[in-house]
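> Chain residues, written in single-letter form:
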Amino acid sequence: QKEVEQNSGPLSVPEGAIASLNCTYSDRGSQSFFWYRQYSGKSPELIMSIYSNGDKEDGRFTAQLNKASQYVSLLIRDSQPSDSATYLCAVVAYSGNTPLVFGKGTRLSVIA
Amino acid sequence: KAGVTQTPRYLIKTRGQQVTLSCSPISGHRSVSWYQQTPGQGLQFLFEYFSETQRNKGNFPGRFSGRQFSNSRSEMNVSTLELGDSALYLCASSFGSEQFFGPGTRLTVL
Chain A
1 QKEVEQNSGP
11 LSVPEGAIAS
21 LNCTYSDRGS
31 QSFFWYRQYS
41 GKSPELIMSI
51 YSNGDKEDGR
61 FTAQLNKASQ
71 YVSLLIRDSQ
81 PSDSATYLCA
91 VVAYSGNTPL
101 VFGKGTRLSV
111 IA
Chain B
1 KAGVTQTPRY
11 LIKTRGQQVT
21 LSCSPISGHR
31 SVSWYQQTPG
41 QGLQFLFEYF
51 SETQRNKGNF
61 PGRFSGRQFS
71 NSRSEMNVST
81 LELGDSALYL
91 CASSFGSEQF
101 FGPGTRLTVL
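For the protein sequence lines, the chains are A and B, in the order given. Going by my numbering, the residue at position 52 of the first sequence is 52; the numbering climbs one at a time, nothing skipped. Going by my numbering, the residue at position 92 of the second sequence is 92; the numbering climbs one at a time, nothing skipped.
Worth flagging that the hints you see were computed from the coordinates, not collected in a lab. It is possible that some hints are incorrect.
Away from chain A, derived, C-beta distances all over 12 Å, residues of chain B [to be verified]:
1) L11
2) Q17
3) L46
4) E48
5) K57
6) S94
7) G102
A few chain A residues facing chain B, derived, Cβ under 8 Å [to be verified]:
8) F34
9) M48
10) I50
11) K104
Virtual Cβ for every residue (Gly too), placed ideally from N, Cα, C.
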């Protein structure tokens, strides 16, 4: 059973701080990793994808991947109240035709 | 480019009825995946269609079925609805490995 684990939170950070969200996965053969943001009552929105070890930066977001330790993280710099949402980690086990496996999400609350 | 569209957005049904949900993917995307989201279970994969063929299937009973048409539009059907089928049903389309979600259909079973 392929699993993706996230701390459910809530994770509370003050406005302007760095929010750090973590995700571990069970399948060592996993190839592709994604972070989605989901506001309450809305559908998930893709914010980052990462495929190789290391860091990938996009604006205030940085995704970090460590395949040896089987974890992927998302850093949000200069957190804003508008970043308050649930963040979902998703993993594809192999390249090609296998479905995404989602974690249950971490709820982030940015306090003004 | 227009995003993924889903219809209807909200549905209320009673136990035992059946329901059909529709999804139109982003233009050029040939893969459509369906998910069920509930507060307790999170996002659970239902099935994926690619070029009118079911490519993957999740662990749901046979009451849940789907299909894809030649224009890549997809439908999912749930027969003999149960109270536990109340959920947000999400469709996602993809060209490569990145999936993009539609707004979802909120199904309430009474």
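> State for each hint whether it applies.
Status of each hint after checking the structure:
Distance check for L11 (chain B) against chain A: the nearest CB is about 16 Å away, which clears 12 Å, and the non-interface claim stands. Every CB of chain A lies more than 12 Å from the CB of Q17 (chain B), the least distance being 24 Å, so the non-interface label holds. At roughly 9 Å, the least C-beta separation between L46 (chain B) and chain A is not larger than 12 Å, which violates its mark as non-interface. For E48 (chain B), the requirement that its beta carbon stay farther than 12 Å from each beta carbon of chain A is not met, with the minimum near 6 Å.
The claim that K57 (chain B) is not at the interface with chain A is violated, since a C-beta of that chain comes within 12 Å of its own (minimum 9 Å). A Cβ of chain A approaches the Cβ of S94 (chain B) within 12 Å, the least distance being about 9 Å, so the stated non-interface status is violated. Remark: the non-interface label on G102 (chain B) conflicts with the geometry, its nearest Cβ contact in chain A lying 6 Å away (cut-off 12 Å). Interface hint status for F34 (chain A): upheld, as the beta-carbon distance to the closest one in chain B is roughly 7 Å, under 8 Å.
A distance limit of 8 Å between C-beta atoms decides the matter here; for M48 (chain A) the minimum to chain B is near 10 Å, and the interface restraint is violated. Because the smallest distance between the Cβ of I50 (chain A) and any Cβ of chain B comes to about 11 Å, over 8 Å, the interface hint for this residue is violated. With its C-beta approaching chain B no nearer than about 4 Å, K104 (chain A) sits inside the 8 Å limit, and its interface hint holds.
Violated hints, listed in ascending order, are 3, 4, 5, 6, 7, 9 and 10; each of the other numbered hints is respected by the structure.
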